[in-house]
Amino acid sequence: MLQVFLKTADPGPVRERLALAFAFHDPDAWVCVDGRDGAQAQVSRGETARRAGNDLTFRMSGQTAHAFWRGDLNVVAALTGGQLCMEGPLLRALALAPGLARIQAAYRTETGG
Numbered sequence: 001m002l003q004v005f006l007k008t009a010d011p012g013p014v015r016e017r018l019a020l021a022f023a024f025h026d027p028d029a030w031v032c033v034d035g036r037d038g039a040q041a042q043v044s045r046g047e048t049a050r051r052a053g054n055d056l057t058f059r060m061s062g063q064t065a066h067a068f069w070r071g072d073l074n075v076v077a078a079l080t081g082g083q084l085c086m087e088g089p090l091l092r093a094l095a096l097a098p099g100l101a102r103i104q105a106a107y108r109t110e111t112g113g
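So that you can map any letter, position 100 of the sequence shown is 100 in full-length UniProt numbering, and since no number is skipped, the others follow by simple counting.
No lab work stands behind these hints, which were simulated from the structure alone. All values derive from a computational prediction rather than experimental measurement. All clues given are correct.
Label pairs and their computed distance ranges (CB to CB):
#1 Gly113 to Gly38: 25 to 35 Å
#2 Gly81 to Asp37: 28 to 38 Å
#3 Arg108 to Ala77: 15 to 25 Å
#4 Gly82 to Pro27: 12 to 22 Å
#5 Pro89 to Gly112: 31 to 41 Å
We put the beta carbon where it would ideally sit given N, CA and C, even for glycine.
Please model the complete structure; the sequences and the hints are all you need to start from.
Encoded structure:
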């Protein structure tokens, strides 16, 4: 996941000046994409990502994350069904939607699918 974020350089978090955290379980991992400085997104992982004071946090299992990043997940169903949890303002999350397709394409390329 870290490689995907580094390769895509999606301008969404920087444009919106957001710090996004992805908290995964099964396996446990944290990734933060921090664009709050408005210049360049910084990517961190582990405890540093968890403690970054993020604006939006997305929580999901590794399996759900894989489906999400591949573009195979119905996000509305996952949110209402509890497979995907989001903390933070929904409107700020929606502002990132235009860049999602590019990140998903990079994820598919990186994972061979």
